[in-house]
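**Q** Okay, here's what each chain looks like letter by letter:
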Amino acid sequence: MAKPMDQYKWHELNVGCVIEEVGNAMEYKTGDWRSSKPVWDDAKCIKCGLCWLFCPDSAIYQKDDGLYAADLDYCKGCGICSKECKPGAITMVEEER
Amino acid sequence: MTTKKGIEVSIAASEAAKLARVEVVSAYPITPQTHIVEHLSEIVANGELDAAYINVESEHSAMSACVGASATGARTFTSTSAQGMELMHEILFIASGMRLPIVMAAVNRALSSPLSIWGDHSDVMAARDTGWIMLFCENGQEVVDTTIMAFKIAEDRRVLLPVMVNLDGFSLSHVIEPIEFPAQEEVDSFLPPYNPLYTLHPDKPVTMGAYAMPDLYTEAKYGQEIAIRNSKVVVKEVMDEFGKKFGRAYKPVETYNTEKADTVFIALGANNENIKTAIDELKEQGKELGLISLRLFRPFPREELIEVLKGKKAAVVIERAMPGGAMNGPLFNEIASLAVTNGLNIRLENYICGLGGRDVQPHEFIETLNEVLSSEKIAFPDNKNYGVIGVRS
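One line per chain: the protein sequences are G and L, in this order.
When we follow the working numbering, the leftmost residue of the first sequence carries the number 1, and every step to the right adds one.
When we follow the working numbering, the leftmost residue of the second sequence carries the number 1001, and every step to the right adds one.
None of these hints come from the bench; they were simulated from the model.
Keep in mind that the hints are not guaranteed to be accurate.
[As the list claims (entries may be wrong)] Below, in silico cross-link-like pairs of lysine-lysine (DSSO-like), each with a Cα-Cα straight-line distance of 30 Å or less:
1. LYS1005/L / LYS1236/L
2. LYS3/G / LYS1204/L
3. LYS63/G / LYS76/G
4. LYS1221/L / LYS1287/L
5. LYS63/G / LYS3/G
6. LYS1287/L / LYS1312/L
7. LYS1236/L / LYS1204/L
8. LYS3/G / LYS44/G
9. LYS1287/L / LYS1245/L
10. LYS1283/L / LYS9/G
11. LYS1310/L / LYS1276/L
12. LYS76/G / LYS1236/L
13. LYS1313/L / LYS29/G
14. LYS1276/L / LYS1260/L
15. LYS1260/L / LYS1221/L
16. LYS1312/L / LYS1283/L
17. LYS86/G / LYS63/G
18. LYS1236/L / LYS9/G
19. LYS1276/L / LYS1377/L
20. LYS1251/L / LYS1221/L
21. LYS29/G / LYS1204/L
22. LYS9/G / LYS1312/L
23. LYS3/G / LYS1005/L
24. LYS76/G / LYS44/G
Excised from the complex, chain G in its bound form (with noise of 0.2 Å):
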C-alpha cells in the first residue's frame, strides 16, 4: 500500500475495496501477532524438515547449513512446529515487546 493503513480516507479506497497491487500482503508483516518464538537447539535438530512442512504461515526456511528457522516477520508463534518436531529441537519462548 502506498501509505499505512490507519491513514487512508474512505473514498480512497478502491470500490469493494478492491486490491490492484498483486502480492501487497507482504507488507502486513503477521509476525506482529506473535506472543513467543519458536527457539531451534540445533544440537538436537535431525533436519527432518518437518517443521518445515508444518509451518501454516511458510514462515520456516531451511539454513544454508541445513538448519531450520523462522522468519519472524511472518511468524505467528503458533507453536506447530514446536508440536511437530519429533526430536523436540524447537521450544517456544515467550517474548516480551
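With chain G fixed as given, assemble chain L onto it according to the hints.
**A** Showing chain L alone in chain G's frame:
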C-alpha cells in the same frame, strides 16, 4: 417489435431477464419463485438465451456462484424466496460489500415457523439492511420493467451495487396478466452490455473480497453506505430514461389521490392494488384518502417522502411482516424516524396484515381506516403500538 401477451408474472420475470441478456444464472428452486428459475433453465437449455445456468445444491451456493460470476464481469441474475433468502443472508452482505451488480427477483414469502409457502414480506424485511438496493412491484408490467431497469441501475459506475426486485409471492408471481414486452433492440439500446470496473482475469490479477483490519473497515463500510445513499440519483435517472423510451413512467415514491387527501396509506407491493380499490370506494362515499407507495425502499427515499407527507394530518402504515418484538413494523419504524428527525407533525398509525398469504380485501382497509378516523388515539390490544388486521381474538 413490442408485443403484448397474457402471461404468468413469473414467466414474464424470466423473459425480462432474457431481454436483459443475462450471462449467468444461478438459482435453487423454492416456492413461490420456482417458475422463474424453471423457465430460465428451459430457455438456457433450448438455446434461446446464451447464458451459463449454474445448478447448485442450496441458495447459499446460488448466491456464492452469483458473486463469483459477477466478479468475472458477467451480467448475473438469480431469484429466491423466504427460507432461500435466509440461507443466502450471509452472502447478500458479501455481494453488496464487494459492490457486485447482481440482480435478484425476490418472490416474497413468509418465513417458517410455522411453515408457510405463502406470501408476505418477512423475508425481504429480514434482509432490508444487507446493503442491496430494493425495489417493489405492484403488478406484472412493473416486474418486467423494473427487472430491466434494475440491471441499468446496478451496473452504473456511480452505483455498482446489487439490486433486489421484490414481487409478492402468489398474489403477484402466479397471476396471469396482460404484459407489454419491449423489443429486444430497444432493450439493447437502453441497456448496453455490462462494462465492469474490475474483473477477475489472469491478465490483470486483482484481489477481491480481502479482509479489512479495524484500521480500514469503518472507511470501507462508510464508502459503501455513501454509494447506496447516492444511488437514488441514478435510480431516478434510469426511471426517467425508461419512461421516455418505453412510455411507462416510474418514480421512487408513487402517489395515488394524495393531493386532495389529508390522510394517506403508506404501503409496499401488491397490497397496494387492493388499497387503491378501497380508496376508490371511499371516494364514492365522499371521503378523500390517498396512497403513498414506495417503489424504492433502499435507499430509503427520504426527500421524496417528506415532499408528499408535508401538510398531511395522518398516515396509516400497512405492512406484511411481524415486528418480532420491535416497537412497530419495519416500514413504520422508518416512517416514524423520518417524521421525528424532519419535524413532520403527522399522526402515524401502524397495521400488520397479509401474513403467510392471508388475503386482505379492500373492505378490510376501509374498516382499518374507519378505526383510525374514529378516535384521536387507538388503544391497541395486548399493550402494543400496532394493529393486526383480521386477527381473531
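**Q** Are the hints correct? Go through all of them and say.
**A** Now the hints, each set against the structure:
1. LYS1005/L / LYS1236/L: holds, 28 Å
2. LYS3/G / LYS1204/L: holds, 22 Å
3. LYS63/G / LYS76/G: holds, 20 Å
4. LYS1221/L / LYS1287/L: Roughly 47 Å separates the two Cα atoms, so the pair is violated.
5. LYS63/G / LYS3/G: violated, 33 Å
6. LYS1287/L / LYS1312/L: Satisfied, since the Cα-Cα distance of roughly 15 Å is no more than 30 Å.
7. LYS1236/L / LYS1204/L: Since the Cα atoms of LYS1236/L and LYS1204/L sit roughly 34 Å apart, the hinted pair is violated (cutoff 30 Å).
8. LYS3/G / LYS44/G: This hinted pair is violated, its Cα atoms lying about 44 Å apart.
9. LYS1287/L / LYS1245/L: violated, 37 Å
10. LYS1283/L / LYS9/G: violated, 55 Å
11. LYS1310/L / LYS1276/L: Distance of about 21 Å is within 30 Å: holds.
12. LYS76/G / LYS1236/L: This hinted pair is violated, its Cα atoms lying about 51 Å apart.
13. LYS1313/L / LYS29/G: violated, 61 Å
14. LYS1276/L / LYS1260/L: Answer holds: LYS1276/L to LYS1260/L is near 15 Å, not above 30 Å.
15. LYS1260/L / LYS1221/L: Since the Cα atoms of LYS1260/L and LYS1221/L sit roughly 42 Å apart, the hinted pair is violated (cutoff 30 Å).
16. LYS1312/L / LYS1283/L: holds, 18 Å
17. LYS86/G / LYS63/G: Given pair LYS86/G, LYS63/G holds - Cα atoms ~19 Å apart, limit 30 Å.
18. LYS1236/L / LYS9/G: The given pair, whose Cα atoms are some 29 Å apart, holds under the 30 Å limit.
19. LYS1276/L / LYS1377/L: Given that 30 Å is the threshold and the Cα spacing comes to 25 Å, the pair holds.
20. LYS1251/L / LYS1221/L: Measuring from Cα to Cα gives roughly 28 Å; hence the hint holds.
21. LYS29/G / LYS1204/L: holds, 25 Å
22. LYS9/G / LYS1312/L: violated, 42 Å
23. LYS3/G / LYS1005/L: violated, 59 Å
24. LYS76/G / LYS44/G: Holds, at roughly 23 Å.
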